[in-house]
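*Asks:* Sequence:
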Amino acid sequence: MTHLVAHKQKGPEALNFSVAGVPTASCEAQSDLNLVATMKGIWSSFGGPTGFWTGDNVCNSTDYVGVTCDTNDIYPVQIKYTSGGPQSLYLNGTIPAAIGSLTNLTLLALGGNPMTGSIPDSLCNLTQLTYMNLGTMKLTGSIPSCIGNLQQLDTAYLVSGSLLDTNSLSGSIPPSVGNLINLVTFNLRVNQLTGSLPTSLCGMTKLSIFNAQSNALTGNIPSCISNLTSLTQLSLHYNQLNGSIPESLGSLTQLNYLTLQSNQLTGIIPESLYNLTALTFFDLSINPLTGSISPSIGRLTSLVTLGLWQTQLSNAIPSTIGSLKSLALLYLSDNQLSGAIPSSIGSLTSLTYLDCRNNKLNGTIPESLYNLTALKYMYLGGNLLTGSISPSIGGLVNLTWIILENIPITGTIPNSICNLTQLVVLSMSSTQLTGSIPSCIGNLQQLNRLNMDSNQLNGMIPPSIGSLSNLVELYLGSNQLSGSIPASIGGMTSLYTMGLNQNQLTGSIPASIGKLTQLVWFRVDGNQLNGSIPDSFHNLTLLNYINVGYNQLSGPIPDSICGLTKLTYLNGLLNSLTAIPLCIGNAASLTEIWLSYNQLSGVLPPSFGNLTQLNICALQSNLLTGLPDVLYNNTALTWFDVSYNQLSGPIPSSIGRLTAVTRLFLNNNQLEGPIPDSIMNMPNLRNISLNDNHLNGSVPSRSITLSGLTSLFLNGNSFTSVGYINVTDNCDMRGNSFPCLPTIRVSSVCAIDYLPCTNDKSILDALYNNNTVISIQQAENVLGSSLANSGDVIRTISAVTLALSRNATSFEYNSTDVSIKLQSYDTRTNTSQRIETGIVNSIISVAIPVSIINSSQEVSVSLSSISYNPFASTNNQSIYSKVIGVSVYSQGREIEIKGVTDLINITMGIIDDIPVDYYPVCQYWNEPLSLWSRDGIHLIKEGDLTICQTNHLTNFSIGVERIVPPTERAVLDVPKMVNVTMIIIVCSAVGGLILILILSILVYRRRSQSKKDMDSSMIMMGMAEGQSAGKIDWIERVSEKEKTQVWKVTQNETMLAAVKKRDVKDVRDVVQEATRLKAMRHPNVVMFLSQNLSGSLFSYARSHSVSPLFFSIGRDIARGMSYVTEQKIVHTQLHAHHILLQIAEGSVMAKITSFSESVPDRTKYEGKPSDHTAPEVVKNGVQYVQSDVWSFGLILAFIARDGRESSQQRKSAMIIEGGWDASVKGIISDCMEEEMKDRITFTEIAGRMNRGNKGIFEYEETKEVDEEKFDPYGIE
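In terms of UniProt numbering, the sequence shown opens at residue 1 and continues consecutively.
It cannot be assumed that every hint is accurate.
Stated by the list, open to error - Dumping the calculated DSS-like pairs for lysine-lysine here, alpha-carbon to alpha-carbon at most 27 Å: (1) Lys360 - Lys376; (2) Lys1128 - Lys1179; (3) Lys325 - Lys360; (4) Lys566 - Lys515; (5) Lys1237 - Lys1179; (6) Lys1164 - Lys898; (7) Lys1168 - Lys1179; (8) Lys1237 - Lys1168; (9) Lys1168 - Lys1128; (10) Lys40 - Lys138.
As the list claims (entries may be wrong) - Label-pair ranges, simulated between beta-carbon atoms: (11) Ser1147 - Ser842: 38 to 44 Å; (12) Lys566 - Asn633: 19 to 25 Å; (13) Ser701 - His1137: 31 to 37 Å; (14) Glu1126 - Ser842: 30 to 36 Å; (15) Ser654 - Gly1219: 22 to 28 Å.
Keep in mind the hints are simulated off the structure, nothing from the lab.
In this text, a Cβ means the ideal position worked out from N, Cα and C, and glycines have one as well.
Given these sequences and hints, build the entire structure.
*Replies:* What follows is the structure in structure tokens.
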């Protein structure tokens, strides 16, 4: 009978399979069917090869490979299937819970298979197990808490195995492990176990090897570990154990291997550890230990490896260390050890590795050290060693590494060093070595790295250096080497990096450099090399870094550079190079180009656009005249410097495509024109220099959503304004053409100066700008200059105090004729019910109830006194007091106070020069009507003081009223109300103007079922009760639209009238319009319905220039709209078509018409938005009185543009043109603020428009026109 047999190799780890014959009969015994089913299920879960564990006899080892049964072949007692065969035979499944049913198992070895999943708790049922190997797998989860049930685990079967080795087990070590009292080897290394070491471990008294390295264990090492007296190996490195090393550890006298490296252990090394005389391996490195190395270290005479590096041990190395005769590896680096290296170290004749780097060791290198002929590695760098290198070093013929860098040794390099022919690394950088490099250096044929950088070596580079064909790294920089670079250097064909920088080398770069085809890094900067860059560079195809800067190289950069496709860094600073090759774009890996301070000329090659990875381009101080536009496509560029060249023309807007730029230097060129908007909003920009060019215009602001700039240099140009740019460190804007006002808002670090103040009018215009703030000194200068030159004192006071209110809390000014007091108040902290302020050294004062300004928390009150009548040139009515002005400001704007219930008291002083037969009256200057008015104000007396009580604020004075005798008063008091309408009608008829206030005739259709023609039913408005329209004669149709006709008619054959005919379904709107207009009375509002386009501003502008009429038309509209706004009415259709003009004899008057769609303030608006519709109406669907201000801004832009309409009318920045005067731009900008709360009011506009504005546009000053002559419909 032939059968399959499994030949077992020594040990429980491997199986080899072979075929011994072919079966000819099937009389094999069968196992229990339930057991067979269990075993097959387990194999399936194991992910075993399908060709095994298929039969019904589980004890058939040729089928059930790895299975060993009891002596009666009834049940399995061992499963041993570890890695070692082809990968196709590996188990790659999981350990099933069914494994726990095999309770007779004494051995389970699955280690080395890539099985996953967790260890099932059922494994704890295998209480007969004496050997278990689940190491080097991919198990996860925690160690079963019941693992302590496996008390039969015996060390006799753990010699070749390891428990739970190299998995990803997590959780803590279960305390039940303490029950494994027979365990000899416990290996948990390279898992993810956490928590502390359980004290139950101390009960495993037979434990010989415990390895828990490379986990995340925390806590202290339990002191009871001294119970493990059989322990020979303890490996706890690469954890997070803390606390001190227990003294009790010194009781484990059987220990020969102890490593606690890379934990967080503190304190000193317990003296008891030096009792562990069996130790061969002792490592406490990378722990924050303190104290020193005890002299007792000399008792550990069996040590082969001693690791105490990167702790915080200090003091001297004890001389007893010389007793460790077996020591081969000594690691003492990165501590704070001091004192001299003990001469006893020369007794360590077995030492092959000596590392004392980075301590504070001093003194000289002991001569005895040169006795260590077995030494292969010598690391003494980073100490305070002095003296020189002994020629005896030549006796250490086995040395392969010498590291003596960063120590202050002196003297020369002994020639005997050339005897060390096994040297692979020789590093003596950053010392104080002098003399020359030994000429025999070429003997070191095995040398891979030679580093003598940063010394004081002199002489020439020995030609023999070319014999170092295995040399990969050569660093000879920062010395005093002279002479030329030897041509033999081409023999170092393995060279990867070459550093010859910062020497005194002369001559040219040898062409033999082209033989170094492995070269990646090349530095010769900071020498005195001349000639050109050799063409042989084209052979260096691996070159990544070239630095030839700070030499005397000349000529063009050779085309051979273009073939270096791996080149990322090119530095040729401070040479005399003349040209960049046209093919530079082929070196497409370039990330940094440093070619400043050369003689490069002309335009940069267009192929620069191919350098898409370039992030630094430094071309400062050359002779460049132009840059290719393709350069600006580079989205990687972060540093761009072309300063101090000969660039001219405007800065292209395409520069904004450099979105990654953080540093941009274009200074000291001949650039001209404005700065493109794109340049200041480069998202990553931090430093920009545009100084010393010929740039002009306005510097655009930087978006507040972007990070601020670190530095900004704009000095030495001709800029006239600058938007706000946040700068944190350095900023210079001096030497430009900034007008004296408005003061430009700049960052506090910015140095800025202004042109002298020479034009009073331009100054005042600037002060009205919402962004203008001035100092107290500037305010005094402006007031003094304006008043001395007979300026507009009212406008000057208003402008100055408004600007001051934005940043000053108080201000006083006194001159011969003018006194001003400005004071700020916080209504939140003001306990009084009134705000009171007065002119210093005067009895003039004002008391304002807090209730009328409670919407503003912080306000400034301005009180002014003028000794003469500043309005005399406009209205020569006599006044009998000083003119007292009162204004209230908040958030940089004037608060419009009018119609208040709680009256304001203005103390006018003592008035004692009233003419006989007259009595004093309070009056205010009515700006829109240019006269003194008295409504809303009355006079009271308090002793000798005269007080004006008013419900609004402006400029006030005392006028007089004649005292009327009683006989005259009786005549004057006859009521006129009955005839007032007819009187006005007669006056109007004489002039030919029909006022809809007085007579509005609405004609609407009434449809009947019997006829289609138009009947006329008339609604008379403004007529006295009982009056009728009388006879209406239809003379001429003047205007016609889709649903509206305007007719010229006569009423009762005497009165001319304009009559609107509307469809009957629109009569409600017409009645609403007429009712609203009935209440209006203002000379700049047309009191009739509809319009005639032939008389409109829009029509007039088609054939005439209207820009010279900017202020006269704007003033009339603002006056009219100020009146409309007071009625809380929103026009909604304010545009150039609805402004009617009368032009006669060189004068102009503008009037507002078409109130058919006007609505009360804050009315829901459902109409379709037009170009003139304010943004808040579009957004919220609600009309506000301030919405008309936006529309008015568009009318002003239409006039300023001389009748040209703009297709981009949603943002003021798109509408305002750069060539307009600052006052024109300022008014339009203030009208079109995006937030309506920031817009100025029509009253403020009227005030600004009414001042002298000659010089803004050249025009003949317009004359006022009597309303009676205005005939927009031509119906006279």
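*Asks:* Are the hints correct? Go through all of them and say.
*Replies:* Against the structure, the hints:
no.	hint	in the structure
1	Lys360 - Lys376	holds (23 Å)
2	Lys1128 - Lys1179	holds (21 Å)
3	Lys325 - Lys360	holds (25 Å)
4	Lys566 - Lys515	holds (17 Å)
5	Lys1237 - Lys1179	holds (15 Å)
6	Lys1164 - Lys898	holds (26 Å)
7	Lys1168 - Lys1179	holds (12 Å)
8	Lys1237 - Lys1168	holds (24 Å)
9	Lys1168 - Lys1128	holds (22 Å)
10	Lys40 - Lys138	holds (22 Å)
11	Ser1147 - Ser842: 38 to 44 Å	holds (43 Å)
12	Lys566 - Asn633: 19 to 25 Å	holds (23 Å)
13	Ser701 - His1137: 31 to 37 Å	holds (35 Å)
14	Glu1126 - Ser842: 30 to 36 Å	holds (33 Å)
15	Ser654 - Gly1219: 22 to 28 Å	holds (24 Å)
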